[in-house]
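Asks: Letter by letter, the chains look like this.
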Amino acid sequence: MADIKFKLNNEKVRLNRDPTMRLLDILRDDFGLVGVKEGCGEGECGACSVLVNGEVVSSCLMPLGNAAGKKIVTIEGFKKTKRYELLHQAYEDEGAVQCGFCIPGMIIASESLLNKNPHPTEEEIRDGLSGNLCRCTGYNMIVKAVQLAAERGDGLW
Amino acid sequence: MSGISQSIPKQDTAGKTSGEALYISDIIIEGMLHAKTLRSTQTRALIKEINIPELPEGYYIVDHKDIPGENFVKMIFEDMPVFADKTVNYYGEPILLVVGEDKEVVLDLINSIEVKYEKLEPHYKYSKSVIHYEYSKGNTEEAFANAVRTINREYTTGYQEHIYLEPQGVISVYEPNKITILGSMQCPYYIKNAVVQVLDDDGSGVRVQQATTGGAFGGKEEFPSLMACQAAVAAVKLKRSISLIYDRTEDIETTTKRHPSRINFTAAISPEFKVEAIKAHVSLDSGAYIGLSGVVLQRAMIAASGVYTIDNLKISGDVYETNSVPNGAFRGFGAPQMFFAIEMFMEHIAKELKYNPFEFKLSYVAKKGDATSTGGRFRDPIILKDMIHKAWDASDYQRKTTEFSQPGSNRGIGMALFLHGCGFTGSGEQKHIKAVVRLKKNSNDTVTILAANTDMGQGAATTLRKIAAGVLGIPIEHVIYNKPNTDLVPDSGPTVASRTIMVVGGLIARAAKDLRDKWEEGKEILVEQRYKQPEYIEWDDDTMRGDAYPAYSWGVVVCEVEVDSVTCRVDLKGLWSVYDIGKAIDERIVIGQIEGGLLQGISYGMLEVMECKEGIIQQRNVTDYIIPTAADSINMYTYIMDNPYPLGPYGAKGAGELPLVGGAPAVAIAIENAIGKKINKIPATPEYIMELMKNG
Chain A
29 MADIKFKLNN EKVRLNRDPT MRLLDILRDD FGLVGVKEGC GEGECGACSV LVNGEVVSSC
89 LMPLGNAAGK KIVTIEGFKK TKRYELLHQA YEDEGAVQCG FCIPGMIIAS ESLLNKNPHP
149 TEEEIRDGLS GNLCRCTGYN MIVKAVQLAA ERGDGLW
Chain B
15 MSGISQSIPK QDTAGKTSGE ALYISDIIIE GMLHAKTLRS TQTRALIKEI NIPELPEGYY
75 IVDHKDIPGE NFVKMIFEDM PVFADKTVNY YGEPILLVVG EDKEVVLDLI NSIEVKYEKL
135 EPHYKYSKSV IHYEYSKGNT EEAFANAVRT INREYTTGYQ EHIYLEPQGV ISVYEPNKIT
195 ILGSMQCPYY IKNAVVQVLD DDGSGVRVQQ ATTGGAFGGK EEFPSLMACQ AAVAAVKLKR
255 SISLIYDRTE DIETTTKRHP SRINFTAAIS PEFKVEAIKA HVSLDSGAYI GLSGVVLQRA
315 MIAASGVYTI DNLKISGDVY ETNSVPNGAF RGFGAPQMFF AIEMFMEHIA KELKYNPFEF
375 KLSYVAKKGD ATSTGGRFRD PIILKDMIHK AWDASDYQRK TTEFSQPGSN RGIGMALFLH
435 GCGFTGSGEQ KHIKAVVRLK KNSNDTVTIL AANTDMGQGA ATTLRKIAAG VLGIPIEHVI
495 YNKPNTDLVP DSGPTVASRT IMVVGGLIAR AAKDLRDKWE EGKEILVEQR YKQPEYIEWD
555 DDTMRGDAYP AYSWGVVVCE VEVDSVTCRV DLKGLWSVYD IGKAIDERIV IGQIEGGLLQ
615 GISYGMLEVM ECKEGIIQQR NVTDYIIPTA ADSINMYTYI MDNPYPLGPY GAKGAGELPL
675 VGGAPAVAIA IENAIGKKIN KIPATPEYIM ELMKNG
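Top to bottom, those sequences are chains A and B.
If you read the first sequence in this note's numbering, its first letter stands for residue 29, the second for the next number, and so on.
If you read the second sequence in this note's numbering, its first letter stands for residue 15, the second for the next number, and so on.
Same shape as in the complex, but just chain A:
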């Protein structure tokens, strides 16, 4: 057990837990943040993506101990932002959402991408989202949604 403090969705949290536990399980089971999905458990599919100090990270691969002192944002925190609203609207307008299981992670990856590169090329978007698997859409509508969000959100990222 270890005393672990970090910032979760802009609130300070403190836990006394086994530091080797997966951050994914802590987020889902301890905090009820079920928008963070488990798709593969091996860091390959990106459904469990969260932002750690602004970088996209697969929470299934991150031990809780590594969260200490960091700023963690899940879809539940991100959805309160203007950037989320823009991304949501762009995903909806492009028809980018089918089953939806990959989508919270995809939105988080989109945010991380736009944060680093507010005006990405199509290729940069494809590369930036290549850590997030989607089996429904063939990706193109998602790529277009990120392009659209970048256009509409000029100055926001």
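Each statement offered as a hint is correct.
Covered stretches of chain A (chain B as the covering partner; in silico rule of three or more C-beta atoms under 8 Å from a C-beta of chain B): (1) 59-66; (2) 72-84; (3) 99-107; (4) 110-121; (5) 127-137; (6) 163-169.
Keeping only pairs whose Cα atoms sit at most 30 Å apart, straight-line, the calculated DSSO-like set for lysine-lysine is: (7) B:K133 to B:K62; (8) B:K117 to A:K35; (9) B:K117 to A:K98; (10) B:K368 to B:K708; (11) A:K172 to B:K404; (12) B:K253 to B:K79; (13) A:K33 to B:K117; (14) B:K288 to B:K382; (15) B:K79 to B:K117; (16) B:K448 to B:K532; (17) B:K192 to B:K50; (18) A:K108 to B:K497; (19) A:K99 to B:K117; (20) A:K144 to B:K587; (21) A:K172 to B:K414; (22) B:K133 to B:K100; (23) B:K382 to B:K365; (24) B:K587 to A:K172; (25) B:K627 to B:K708; (26) A:K40 to B:K117; (27) B:K695 to B:K399; (28) B:K251 to B:K62; (29) B:K695 to B:K587; (30) B:K692 to B:K587.
Quick caveat, the hints were computed from the structure, so don't treat them as lab data.
From the three backbone atoms N, C-alpha and C, an ideal C-beta is built for every residue, glycine too.
Fit chain B to the supplied structure of chain A, relying on the hints for placement.
Replies: What follows is chain B alone, placed relative to chain A:
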């Protein structure tokens, strides 16, 4: 596009982008226990003894002895047990559940159970036929007797795993007189009927409620019934709610996949150098239990002449049982295997006879009024030739074919032509499904759709409402569709076989018309429609003769690739496709189906490798079973034709499976044209391409 095809926002997007939509693993029922499956470590064996350690308080075993009814999962054949009893027939077969509150303790208990087996000789090859079908058209023997030559080739296709992003899961919710199955599913009534039989219930004690479903592609057609039966038995025994949720590895290792196949073709070439007759044999590997394999085989066999009219056919097929994980439904349902094979075969015949493959194929394309493979009729207008020309022009096919055939070019372009029979095969809708749909007008003048069909991402929650709202002439916001609950909705059949829009949407449109005529403001009104087979449809299940489908959707895919001359890696360079699905109910939703389906088909043809060695699936996660990423996909040029089908809602036919069917042959032909060597199997991986380049 205007009218019904004009796109509107999907009903369920907001909850999905925000993470609020609850999938089965997000749902917690008070007092729920977690279950984990103990599985066979043998491919075929007798169970001699099971040694279970002393269980801590609150931890339980649930096995075949706890089943109140029959130990079979209700499907077409009753051969698959809920829990293995005396024998196991595949590696990973469920034997029992360990159930308790703490997942870690449950897992430790699973690992400490010892099962003693007596090994039996397993079958892995195409040797033990459990189903055989055949049909014929014309006079094949005479055509072969008069042939100036025959051409024989064999094609093989591999497994394909669905990789719906959400692994399978169910929760059985216990109440004293009711078991509610919550789950990720396509077919609530399949599950209900299976659970009722296992619990020996009269039907009133079981209800099934779909949770938000994270993709399915056929993988959640029949498989969830097995999990639901197990969880229901546990709930009844323990009088507790039970959660049974797989992780990705358990899902890949133990759930159904697309059947591997071997397809053998022989063509009789007439003195005029025409294809006078085709003989074909289809072998499907069903895995350890038959499940839906017989129906998959039928659909594959019916597609044996592709989109072509061949006057003489003799088609046979067998389902072979092997001691490996059972295979089952997967988008396309036998058609992807056969369309790869027939498209390659036609290409290969053309090349053997020194014809231009494009013109050769075009000369056999079916026309309205032609006899289908099974001796039915193509009754509706066929616009395939227009579609082919559209794809030809859009892709600049002629110029590229010439340019890429120059020495030193490592590019190739290929075109695949395909169709998909919409709805159940033969008289299945009439005989077995008997769909019922109701519309309920509420006193506040909203209308609720009462149907058992699910939205698993394909957009049915939006498109079915759109059909009802359109016919009723009311705003779509006034039409309510909830995820099906079998206590509230009639059995409108499963969400499979590209039937949801054409058949169920058709019933909704008819019910809406009826309701429109009876409309009275402020009043509650209930209307009902039952499926009636078009009178002209005749089908004989035994001889496989007659109209196999009420309608056909059609497609053309052109694929352009570049093959790296050193690594043999294949890069997609262009994708153009054209479809006749009657009428698009929401263009953007249909394009979403097309782009996702086409990429699944392309990657089935060149990327997705799953191997089974000595009965054991070798790939365990998405780290070693590779599906495309955003960087592997490319922009696609998609054209949807307007060719309304008189019996479909607004003229719509089926669209869900069709786009997958053309992907594999299109990419395989493109690769073949790039490397100048014949492709006979998929996936056409770099290793296979390298072998062809070396050995020809």
